[in-house]
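There are 2 protein chains.
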Amino acid sequence: MRLATIGTSRITHQFVKAVKQTGRFDFVGAYSRSEEKAKQFSDEFGGNLNFSSLNDLANSNSVDIVYVASPNGLHFQQVVVLLKAGKHVICEKPIFSNVNEFDEAVKIADENKVYLFEAIRNIQTPVFKTLQQELPRAGKLRSAVLQLIQYSSRYDQFLDGKVTNIFSPEFAGGALEDLGVYPLYVAIALFGEPEKVAYYPIKLSSGVDGSGTVVLAYHDFICTVLCSKITYSDAPSEIHGEKGSFRINNSSNIARLEWIDAHDKVLEPVAEHFEADDKIYEIGNFADILEQNDKTEYLKLRNLSRVVLKTMETARKQNGILFPNDKD
Amino acid sequence: MRLATIGTSRITHQFVKAVKQTGRFDFVGAYSRSEEKAKQFSDEFGGNLNFSSLNDLANSNSVDIVYVASPNGLHFQQVVVLLKAGKHVICEKPIFSNVNEFDEAVKIADENKVYLFEAIRNIQTPVFKTLQQELPRAGKLRSAVLQLIQYSSRYDQFLDGKVTNIFSPEFAGGALEDLGVYPLYVAIALFGEPEKVAYYPIKLSSGVDGSGTVVLAYHDFICTVLCSKITYSDAPSEIHGEKGSFRINNSSNIARLEWIDAHDKVLEPVAEHFEADDKIYEIGNFADILEQNDKTEYLKLRNLSRVVLKTMETARKQNGILFPNDKD
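Taken in order, these protein sequences are the chains called Y and U.
In terms of the UniProt record's numbering, the first sequence has 164 at position 164, counting the first letter as 1, and numbering is strictly consecutive.
In terms of the UniProt record's numbering, the second sequence has 126 at position 126, counting the first letter as 1, and numbering is strictly consecutive.
Treat the hints with care, since some could be wrong.
Identical copies look the same in the list; a pair holds intra-copy or inter-copy alike.
Unchecked claim - Only pairs whose alpha carbons sit at most 27 Å apart, straight line, appear in this in silico DSSO-like list of lysine-lysine:
(1) K196 x K317
(2) K39 x K113
(3) K107 x K20
(4) K203 x K243
(5) K317 x K37
(6) K327 x K84
(7) K310 x K196
(8) K162 x K140
(9) K317 x K84
(10) K140 x K317
(11) K162 x K17
(12) K129 x K295
Read the hints as simulated data drawn from the structure, not as lab findings.
One chain only, chain Y, in its complex shape (with noise of 0.2 Å):
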C-alpha cells in the first residue's frame, strides 16, 4: 500500500522511518504547501512524488493511504478531503477538535469505504498489551495517577512572547490535546468510558491550557491523569487495585512495567521492551487491519478515538478552552 504524508516536522520524520522500518507501507511522496519542503522531504525517503496541492494528493492515482501531521487545528478540513477521494487516512492525535467533526469524518469514510485511523503510539506497545492482560491481578481497582508532564521548550519562547501553534487554540493546542491525549488513551483503553470528567487547568494567557488534572470518575475507581508542556516530572504512572499496583515508567513511551504487591510491598519486572521507535506497533495494527479488512479491530480502535476525544472535548469546554472549530 503506498502511502504520502502531509506535514513536514520532526514527527512526520520519525513516523516514516518507522514505516521504513516496518515496511508495512511504501513511502510514495510528501505534501507540503511549499513545493520545494515537499520535493525536499519527498527526496529525504526516497519517495518519487511531491504535491504542494491537497486536491492533487487526494486525487493521485499513486497514493492509497496518507499520513497527516499538520497542525492539529488543519487535521479535520485536510482529511475530510483525503476521504472523499478514496485515500485511507492515518491522522496524528488529537484527530480532531471536538466530536462533531470525527462524526462527520467518520461518515465521509464509511460512504467512501476507507479506514480513518488515529495515531498513538502508547496504547499499540507490547508493555502495553500485557499490562491489559495483567491488569486483573491488581484486584478491584481503586485509584489510578497517569501522568505526563514534560516541560516544552517551546515554553521558553511563550515566555519571550512568541505564541507557538502548540500553545495557541487557533491551531488547538494546550496540554491536554498534545500530552494528556496519551494518558487519557491509556485510562479510556484499559478503563472504559467515565461517568465523569472534571478538568482543572492552568489556563495561559493564550487561552489554552498549560497544565492541568483530569478526574477520571467511574464506578468505585478514581483516575487522575496530570499533563503539563509548562513543568517537569518524570515520575512514573500507576494504576492501584486492592490486590497491588501496576506502575509503567511514561505514559507516552511505555517501556516498563512493574507491579508492586499491597501486601509484601515488593516491586517486582513484569515487563519491559525498549524499542527506539515504537510507532512500528501502531503501524503494524493499521497495516494488519487494513490488509484484513479486519472491521471489529476497526471498530474497537474507532470508538477508543471518540470516547478519548468526547473526553478531552468535555474537559475543555467545562473551562471555557475553545477552539476556532468548535464555532458552528
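Add chain U to chain Y, keeping to what the hints say.
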C-alpha cells in the same frame, strides 16, 4: 513539664518513646478506661500515675500537659475536659471532626490560658523545613501531586466483615482523616488555604472513604492530593514549578528531598535526614513554644490546623461523609 497520655495504642508508645528521646517533657502517667491498661502503660515508661477516670486526670495537680491519642471521634469531648481543667493538650491528628469543635476548643483553651496543639510530625521535620526555604527555586508553581497510599492491614479485617475504628464513621475514620491529613498539611503549610476544594472519594460500605483524590485549586496552581488505605504505592510526592520540580520520598515520613531542573532534567539531591522517630521534631517545637510562650509560632500552627480541618470537612461534606459530631 509533666506529661500524661490518653490512649495505649502503638502511636502512644511511639510518642512517649520520642518524648523520652528528647527529654523535653517528663512522662508521669497514663489514662485508659481500663485501670489495668493504664497501669501497664505507665509502668512500661516509668510513670508513677495511672488514671481510669478522665476527670481525675484533668484535675490532677501532678500533670501539666496531656497527649491525646484516643480514637478520632473521642478527641473533642476529652480535650475540652482537659482544657477546662487548665491542662495544655497535644492532640493526635486529625485533631477534631469539624471546625465548630475546633473553634469551641480554641476558645476554651484561650479562656483557660493553656495551649492546644495538633500532633502532626511531617511539617516539623528538618527536610520539610528545607523544602519550605528552597521552594522559590522552582519558580512559578503550577502543579503538585502529594500522595499517601498505604494499604491498611485493617482493610483485610474490613473485607472479612469487621469494621475497625479507622474504617468507621462513628469514630471519624476514613482515608482522608487518617492519611490525607499528611499531604494536606504539606499543601497548606506550603501553599496556604486553597480557593477551591473538590474531593472525589471511593466510599466504602461503612460510609467512610477508603481512598480518594482531592483537588486543591489555587490561583494559577493546582495541587492534587491522593490518599488511600485500601491500595498501596510508594511513589514519591512532587511539586512542579516552571523552573523545576521538588520531590519528597513520602508525604508523612519526609526524609529525602530532591530537585529536578525543568530544562536539563538532572536529578539532584537536596536534603536527607533519616531519624527513626521523627516525632522528636514536633515535640521539640511544642516544648519551645511552651517554654518561650511563643504566641506567634503557636498561632501559626493553630491557624494551619484550622485550615487543614476546614479543608477536610469541606471535602467530606461534599460527599455526604458525616460523623456523629457533625450533627448539631
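Copy assignment of K317 with K84, given that the CA separation must stay at most 27 Å: Neither way: K317 and K84 sit 30 Å apart in one copy and 54 Å across, limit 27 Å.
Intra- versus inter-subunit Cα pairing at 27 Å for K140 with K317: between (32 Å within a copy, 26 Å between copies)
Within, between, both or neither: K107, K20 at alpha-carbon 27 Å: Neither. Shortest intra-copy (31 Å) and inter-copy (75 Å) distances fail the 27 Å Cα cut-off.
Status of K37 relative to K317 across identical chains (alpha carbons, at most 27 Å): Neither. Shortest intra-copy (36 Å) and inter-copy (60 Å) distances fail the 27 Å Cα cut-off.
27 Å Cα threshold - placement of K243 relative to K203: Only across copies: K203 and K243 sit 18 Å apart there, 38 Å inside one copy, limit 27 Å.
Alpha-carbon proximity context of K129 and K295, limit 27 Å: Classified as within; 20 Å inside a copy, 59 Å across copies.
Same-copy or cross-copy closeness of K310 to K196 [CA-CA at most 27 Å]: Classified as both; 12 Å inside a copy, 26 Å across copies.
Within, between, both or neither, where K162 and K140 count as close if Cα-Cα is 27 Å or less: between (47 Å within a copy, 19 Å between copies)
Within, between, both or neither, where K39 and K113 count as close if Cα-Cα is 27 Å or less: neither (30 Å within a copy, 84 Å between copies)
Up to 27 Å CA-CA - K17 versus K162, copy category: Cα proximity of K162 and K17: none, with 31 Å in one copy and 59 Å across.
Intra- versus inter-copy proximity for K317 and K196 (alpha-carbon distance at most 27 Å): both (14 Å within a copy, 19 Å between copies)
Intra- versus inter-copy proximity for K84 and K327 (alpha-carbon distance at most 27 Å): Classified as within: same-chain Cα gap 23 Å, cross-chain 65 Å, threshold 27 Å.
Checked against the numbered hints above, the structure breaks hints 2, 3, 5, 9 and 11 and satisfies the rest.
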